[in-house]
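Q: Given next are the chains, with one letter for each unit.
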Amino acid sequence: MPEPMDATSPLLELRGIDKTFGAVQAVRGLSLSVPAGEFVTVVGPSGCGKSTLFNMVAGLDEPDTGGAMRFKGRGCHARELLGRVSFMPQRDLLLPWRNVIDNAILANEIEGADRKTARAKALRMLPEFGLTGFEAQYPHQLSGGMRQRVALMRTFLFERELMLLDEPFGALDALTRSIMQRWLLDVWERHRRTVLFITHDVDEAIFLGDRVLVMTARPGAVKLALPVNLPRPRPAELVTSPEFIAIKREILAAIEEESMKSFQSSGMAA
Amino acid sequence: MRGVLGAVLIVLLWEGSARGFALPSYTLPAVSEILGGIWAQRADLLSGGATTLLEALLGYGLGTAIGIALATVITILPWSRTGIMPVVMAVNSVPVAAYSPLVLLWFGIGVSSKIVMVTLAVGFTVFLSALAGFDRVDRRSVDLLRSFGAGQASVLWRLRLPAAMPLIAAGMRVATVRSLIVAIVTEMLGARSGLGWIIYQAVVQIDFVQVWAAIFVASAISLAFFGLIGWVERKVIFWR
Ligand SMILES: Nc1ncnc2c1ncn2[C@@H]1O[C@H](COP(=O)(O)OP(=O)(O)O)[C@@H](O)[C@H]1O
Ligand SMILES: [Mg+2]
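The listed protein sequences correspond, in order, to chains A and B.
Just so you know, my numbering puts 222 at position 222 of the first sequence, and the rest follows in order with no gaps.
Just so you know, my numbering puts 183 at position 183 of the second sequence, and the rest follows in order with no gaps.
It should be emphasised that the hints constitute simulated quantities derived from the structure, not laboratory data.
For clarity, every value in this text was computed on a predicted model and none was experimentally measured.
Be a bit skeptical, because a hint or two may be false.
Dumping the calculated DMTMM-like pairs for lysine to aspartate or glutamate here, alpha-carbon to alpha-carbon at most 25 Å [to be verified]:
(1) Lys72(A) with Asp143(B)
(2) Lys223(A) with Glu62(A)
(3) Lys235(B) with Glu135(A)
(4) Lys223(A) with Glu237(A)
(5) Lys261(A) with Glu250(A)
(6) Lys248(A) with Glu159(A)
(7) Lys248(A) with Asp203(A)
(8) Lys116(A) with Glu128(A)
(9) Lys235(B) with Asp18(A)
Facing chain A, a subset of chain B residues (Cβ under 7 Å, in silico) [said to hold, decoys possible]:
(10) Ser147
(11) Gln152
(12) Pro162
(13) Gln205
Every residue, glycine too, gets a C-beta built ideally from N, C-alpha and C.
Produce the complete structure using the sequences and hints provided.
A: If you want it as structure tokens, here you go:
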């Protein structure tokens, strides 16, 4: 029986999700709920299951039986989300034989969009992504920051309500990273998608998010969900404001506790 | 440039030792003698070379197509791998030349048996390299395309095929030389024309200058083919 789509229900809802790889339990009892339009950032110790969470929400991996997954108010299997969520994996994964434009329209091409129309649209988006004049370049000719912007453009062009960004700025230097963060917020304010954003940088998580989720050490679950009630648009100096620092202190304390746990458990195993 | 110098050096050395030691032509005829032989026999060598090249090219085209097609089927239908691979490996465990008596028996001593042999040899080479190429594709890239809603065919066309191109091309490059060798060897075992047949006839008539003349023509064709495919490879796989 189809359940009615209700305007107040969250866009994505996970209840008690587990995921086991052989002997390794990557995620245990993970629950979260993301209302439409929200920018949610996820931080946690490395190996705690963040990418695993994304793989499930992108439809690539099925969670263990027992948990519940709801998308747009409707219960569903992970695989039903293939093609319905805009996913940007941890590496840019640009195809070396496609130039910037053709990499950007990859998802549209797969959906069966007309290539000419898609290219024209991507071409109009180039300035917004700081790629003007680079449409015919190939990935090996681009810097890391530019490759990341092409990957982001590919993700944005695949117009889905939910966007999953897995450490998109993880490999960039600090300066480029802070420019990219402000740029992303700018683009996001204009396109207004629901975003789940993984990062290992606490400043980045607070600066970008409406809400920060802190994950426990493996097996991963949500340890703490902290709203970030800081006004937008957010200036770069925000990171030194007392409100920002207060949030950061709370998050760092939670992460510290989890890091100690994983350190102790691995220490005991060794 | 260095390659040209090297070639000139070898030719000079060859010419010098053949003349200097006054070697009989069944040991090693002088290069000038061989070139003279090629000129004298140019009509025969030209038509023989044309036959061999035709067999090699047709077999090469067929073998490449079949090799890539078979690797594609196995990739799209993973369950077919367990059925196809053991058969392929069993057939491939024997040198291709071992099948030539059977192929000659089945397809006669005309052109078709040579084409079948070349197809077999090229097919295996390209099949194995294509399969390795398809399998080598990064799982995360496959997942990315799947997340966009891509099916097996779309992943194959947009990702696996281009990603496998470098390995397929390497296999195709090796297969150029192999296609000529197999065509010539099969001709030597039974044919009505072709460079292999000319070599066989010349051996029977103890005409070693002509043996060498045919070998020279064969290597020239083989090198040109190899060079052409290598050139196309560099044009097509520009991103390496
Ligand atoms: N496909 C897989 N097979 C086996 N183990 C996996 C797989 N994917 C992830 N894991 C394991 O699950 C745990 C969580 O990984 P991941 O979600 O990538 O962590 P991170 O939070 O750093 O993104 C790790 O211990 C990892 O080794
Ligand atoms: Mg990760």
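Q: Could you run down the list of hints and mark each one as holding or not?
A: Now the hints, each set against the structure:
no.: 1; hint: Lys72(A) with Asp143(B); verdict: holds, 23 Å
no.: 2; hint: Lys223(A) with Glu62(A); verdict: holds, 22 Å
no.: 3; hint: Lys235(B) with Glu135(A); verdict: holds, 21 Å
no.: 4; hint: Lys223(A) with Glu237(A); verdict: violated, 28 Å
no.: 5; hint: Lys261(A) with Glu250(A); verdict: holds, 17 Å
no.: 6; hint: Lys248(A) with Glu159(A); verdict: violated, 32 Å
no.: 7; hint: Lys248(A) with Asp203(A); verdict: holds, 7 Å
no.: 8; hint: Lys116(A) with Glu128(A); verdict: holds, 20 Å
no.: 9; hint: Lys235(B) with Asp18(A); verdict: violated, 49 Å
no.: 10; hint: Ser147; verdict: holds, 4 Å
no.: 11; hint: Gln152; verdict: violated, 12 Å
no.: 12; hint: Pro162; verdict: holds, 5 Å
no.: 13; hint: Gln205; verdict: violated, 54 Å
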